[in-house]
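Produce the entire structure from the sequences given, and follow the hints as far as they go.
Here is what each chain is made of, one letter per residue.
There are 2 protein chains.
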Amino acid sequence: MNMLQSPASSDRIHARYWLETSESPAKAAEIIAGEQSSGTFLALANETAELKERSGARVERLTVLDTVDHPSLPGRYAAGARFTRCELELSWPLGNIGTSLPNVLATVAGNLFELQCVSGLRITDLHLPSAFANVYPGPAFGITGTRALAGVAHGPLIGTILKPSVGMGPEQTAAEVQKLIAGSIDFIKDDELQADGPHCPFEDRVRAVMREVHAGADRLGRKVMVAFNLTGEIDEMKRRHDFVQAQGGTCVMVSLNSVGLSGLHELRRHSSLPIHAHRNGWGYLSRHPALGWDYRPWHKLWRLAGADHLHVNGLGNKFSEGDDQVRASVQAVTEPLWPHAPMHVMPVFSSGQTGLVAAATYAAAGIQDLIFAAGGGIFGHPAGVPAGVTALRQAWDAAVADVPLAQHAAARPELQQALGFW
Amino acid sequence: MNMLQSPASSDRIHARYWLETSESPAKAAEIIAGEQSSGTFLALANETAELKERSGARVERLTVLDTVDHPSLPGRYAAGARFTRCELELSWPLGNIGTSLPNVLATVAGNLFELQCVSGLRITDLHLPSAFANVYPGPAFGITGTRALAGVAHGPLIGTILKPSVGMGPEQTAAEVQKLIAGSIDFIKDDELQADGPHCPFEDRVRAVMREVHAGADRLGRKVMVAFNLTGEIDEMKRRHDFVQAQGGTCVMVSLNSVGLSGLHELRRHSSLPIHAHRNGWGYLSRHPALGWDYRPWHKLWRLAGADHLHVNGLGNKFSEGDDQVRASVQAVTEPLWPHAPMHVMPVFSSGQTGLVAAATYAAAGIQDLIFAAGGGIFGHPAGVPAGVTALRQAWDAAVADVPLAQHAAARPELQQALGFW
Chain A
1 MNMLQSPASS
11 DRIHARYWLE
21 TSESPAKAAE
31 IIAGEQSSGT
41 FLALANETAE
51 LKERSGARVE
61 RLTVLDTVDH
71 PSLPGRYAAG
81 ARFTRCELEL
91 SWPLGNIGTS
101 LPNVLATVAG
111 NLFELQCVSG
121 LRITDLHLPS
131 AFANVYPGPA
141 FGITGTRALA
151 GVAHGPLIGT
161 ILKPSVGMGP
171 EQTAAEVQKL
181 IAGSIDFIKD
191 DELQADGPHC
201 PFEDRVRAVM
211 REVHAGADRL
221 GRKVMVAFNL
231 TGEIDEMKRR
241 HDFVQAQGGT
251 CVMVSLNSVG
261 LSGLHELRRH
271 SSLPIHAHRN
281 GWGYLSRHPA
291 LGWDYRPWHK
301 LWRLAGADHL
311 HVNGLGNKFS
321 EGDDQVRASV
331 QAVTEPLWPH
341 APMHVMPVFS
351 SGQTGLVAAA
361 TYAAAGIQDL
371 IFAAGGGIFG
381 HPAGVPAGVT
391 ALRQAWDAAV
401 ADVPLAQHAA
411 ARPELQQALG
421 FW
Chain B
1 MNMLQSPASS
11 DRIHARYWLE
21 TSESPAKAAE
31 IIAGEQSSGT
41 FLALANETAE
51 LKERSGARVE
61 RLTVLDTVDH
71 PSLPGRYAAG
81 ARFTRCELEL
91 SWPLGNIGTS
101 LPNVLATVAG
111 NLFELQCVSG
121 LRITDLHLPS
131 AFANVYPGPA
141 FGITGTRALA
151 GVAHGPLIGT
161 ILKPSVGMGP
171 EQTAAEVQKL
181 IAGSIDFIKD
191 DELQADGPHC
201 PFEDRVRAVM
211 REVHAGADRL
221 GRKVMVAFNL
231 TGEIDEMKRR
241 HDFVQAQGGT
251 CVMVSLNSVG
261 LSGLHELRRH
271 SSLPIHAHRN
281 GWGYLSRHPA
291 LGWDYRPWHK
301 LWRLAGADHL
311 HVNGLGNKFS
321 EGDDQVRASV
331 QAVTEPLWPH
341 APMHVMPVFS
351 SGQTGLVAAA
361 TYAAAGIQDL
371 IFAAGGGIFG
381 HPAGVPAGVT
391 ALRQAWDAAV
401 ADVPLAQHAA
411 ARPELQQALG
421 FW
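Here the protein sequences line up with chains A and B, keeping their order. For the first sequence, the positions run 1 to 422 when the numbering used here is used. For the second sequence, the positions run 1 to 422 when the numbering used here is used.
Hints listed in this document are in silico derivations from the structure and should not be mistaken for laboratory results. Please note that a few of the clues may not be correct.
It does not matter which identical chain is meant; a pair holds if it fits inside one copy or across any two.
Stated by the list, open to error - Below are the SDA-like pairs computed for lysine to any residue, each with C-alpha atoms no more than 20 Å apart in a straight line:
{"no.": "1", "residue 1": "K27", "residue 2": "R61"}
{"no.": "2", "residue 1": "K52", "residue 2": "Q172"}
{"no.": "3", "residue 1": "K52", "residue 2": "G169"}
{"no.": "4", "residue 1": "K179", "residue 2": "A215"}
{"no.": "5", "residue 1": "K179", "residue 2": "V135"}
{"no.": "6", "residue 1": "K52", "residue 2": "S10"}
{"no.": "7", "residue 1": "K179", "residue 2": "N46"}
{"no.": "8", "residue 1": "K179", "residue 2": "A43"}
{"no.": "9", "residue 1": "K318", "residue 2": "A387"}
{"no.": "10", "residue 1": "K318", "residue 2": "T99"}
{"no.": "11", "residue 1": "K238", "residue 2": "H270"}
Values in this document were obtained by computation on a predicted structure and should not be read as measured data.
What follows is the structure in structure tokens.
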């Protein structure tokens with residue numbers, strides 16, 4: 001799917017869709033545009049031409065792709081109906097809702113997926129007027145802020161996720177962190193299943209983990225960045241954030257779909273730490289290609305609302321997304337939001353990552369300003385965690401230098417050994 | 001889909017799924033249970049039997065339904081794979097996350113939809129330990145509080161949605177409200193596309209509309225309830241709520257998917273007015289039957305987080321959901337959450353509603369404690385809005401008395417005339 005060619009000078013909200021419809025595409029486009037602005041199922045006398053001109057959504061572009069015999073989504077279609085697929089771009093006047101992300105969501109992705117003439121609908125891009133950048137400052141830390149706090153000036157941040165995901169108590173968690181810091185890792189995160197349960201209370205975990213981070217800092221000369229999952233209600237998140245900060249922590253993590261756009265924005269307003277944004281639940285939003293969300297429009301909302309690190313899955317991942325989808329996500333997340341307000345974030349790669357995909361990942365991202373999180377790719381190293389971390393760094397060095405892994409491994413025993421198990 | 005037989009005495013979190021998998025169902029169930037608790041893709045030494053016993057998710061039930069040749073969702077399956085469909089129930093110890101709704105979401109609907117062995121996954125029910133009722137008080141007003149504020153002791157609240165959805169300024173909106181109040185309507189709501197845009201600023205709209213509501217109250221002896229859409233960022237929502245309250249308003253409305261669970265809960269904590277909860281975006285969560293959410297588990301989260309009125313679509317609606325789905329939603333929303341903490345909310349029926357579906361709606365709901373919102377069903381009445389509202393009330397009287405509409409209409413000209421255009 002092509003990216004939306006930014007209507008940079010437009011003061012309207014633009015959204016692009018992949019649409020499949022039982023109607024003629026032109027009629028379906030008008031139905032959707034009407035339903036999502038001034039129209040409704042019935043023609044109303046007070047929807048005047050003037051009102052429609054002022055507030056109606058506009059069909060900016062409609063390109064027919066092909067026609068099929070079977071609908072992608074079940075529904076109540078006429079017998080013998082055929083289904084036309086097209087690319088649709090709509091726009092809305094900013095005056096309808098103003099610069100409000102929650103209301104952008106209701107406008108571009110509200111009731112339209114349920115329309116009877118829609119047999120498939122997926123939002124593929126979103127472009128907002130730059131006035132949004134005045135209201136939503138985007139990531140407070142992004143790439144440079146994260147690098148400064150992590151004490152990692154160059155190269156990817158080599159990271160991992162604490163496992164088992166849930167079940168370890170605070171001290172057991174701290175012991176795992178201690179091993180990882182001893183291995184000179186850059187970044188550690190809670191699993192999204194680990195929050196503030198009675199078995200591993202948030203504050204006890206943060207306290208125990210930060211003890212190790214501070215001890216490690218004496219040796220490493222930098223504080224390993226740990227993303228503590230503070231997902232919860234607004235007051236809880238603020239309290240947990242303040243606790244992390246008071247303990248000298250440098251990152252907090254939140255599950256985006258759990259707290260919502262308003263939740264993230266409120267956390268962003270309160271936070272003085274980078275926000276590691278987890279996309280768990282992404283599957284129910286995206287897994288059927290004829291329904292829901294592409295990553296491109298979806299991630300823009302969260303980026304604008306304040307995410308500093310955004311998950312993009314990983315190449316060769318263990319989930320269902322193919323590499324093409326991951327590459328599209330990486331491309332989206334590394335593009336500037338606006339020329340004057342790029343709002344760069346750090347993409348987070350995870351799920352079955354090893355040094356074997358470093359070169360392809362570097363090719364996809366075009367930058368090293370990313371978090372590369374591996375589990376088995378580190379812990380599986382026969383010489384232990386430090387060698388696992390070193391091997392990942394070596395693989396990235398090879399990728400950046402455009403040297404084949406095997407060649408680079410010749411004088412580097414950690415990488416050499418890693419190639420045997422990755 | 002059967003409802004989850006409440007494991008009333010369980011102190012675990014239970015979720016039920018419709019699952020389609022390329023694996024053997026037993027293996028797929030274990031993979032999902034592992035991924036969503038202590039396990040991961042690799043066997044880890046520190047995932048001890050003790051830890052697993054304490055924190056692992058448990059497969060409570062697995063019932064194979066059938067096997068098919070083609071996957072419901074695309075993915076990377078082995079050539080020649082067949083796909084088995086089953087009902088799966090999992091449970092988690094409360095100790096993993098504690099009584100936190102945002103973390104329930106990440107646990108029961110996190111990364112599992114993306115698993116490679118999953119060719120279809122839909123969450124069909126959710127049961128939480130009653131400890132949640134101690135932390136989340138649910139709706140503050142629900143049925144009785146709404147009836148008291150609306151001044152409607154019996155029968156459904158007859159309502160409508162302001163149209164055109166967006167484009168009217170404050171005074172034009174107030175003029176529409178004035179007409180509806182003159183017609184003795186019970187309930188009016190903003191469209192979800194109408195928020196706080198520069199063309200119709202929230203405070204100006206509320207002020208103008210409430211002027212009409214107060215004027216109408218002098219005549220009706222009750223304040224018509226108007227749900228003002230305050231969807232926005234947390235601070236904006238609180239400010240707008242306070243303004244509505246200061247103007248004597250009796251209801252606020254919010255787009256659930258826009259503000260998230262944490263956003264709704266924070267609004268609930270702040271609010272001293274009923275919260276009218278709009279589900280726009282429901283289509284992208286539910287439209288493919290092999291993916292995402294049934295209404296039953298989804299609505300429970302929002303109900304617990306504080307929704308007072310919950311949209312359920314309507315019978316014979318203009319969207320894509322069939323009547324069976326609507327009936328299932330109505331059944332879910334009218335059941336108690338727990339025997340000691342039922343947390344009853346008002347279901348909201350809308351989309352192409354007329355008196356013709358009153359009897360079927362009453363049969364589905366079993367109660368008259370609901371909001372029945374019609375647009376064309378009121379405005380289309382040849383004798384005007386008052387007759388349209390009266391005709392809807394008459395249709396509901398007939399439904400409750402179990403009298404055929406035509407018979408009931410004989411001595412009631414408003415209903416008689418309505419039957420000609422509904």
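Evaluated hints:
1. K27 - R61: Within one copy only: 13 Å inside, 47 Å across.
2. K52 - Q172: between (62 Å within a copy, 14 Å between copies)
3. K52 - G169: between (60 Å within a copy, 13 Å between copies)
4. K179 - A215: within (12 Å within a copy, 71 Å between copies)
5. K179 - V135: neither (43 Å within a copy, 37 Å between copies)
6. K52 - S10: within (19 Å within a copy, 55 Å between copies)
7. K179 - N46: between (69 Å within a copy, 13 Å between copies)
8. K179 - A43: between (67 Å within a copy, 18 Å between copies)
9. K318 - A387: Neither way: K318 and A387 sit 23 Å apart in one copy and 61 Å across, limit 20 Å.
10. K318 - T99: For K318 and T99, the Cα distance exceeds 20 Å both inside one copy (38 Å) and across copies (30 Å).
11. K238 - H270: both (7 Å within a copy, 16 Å between copies)
The earlier numbered hints that this structure contradicts are 5, 9, 10.
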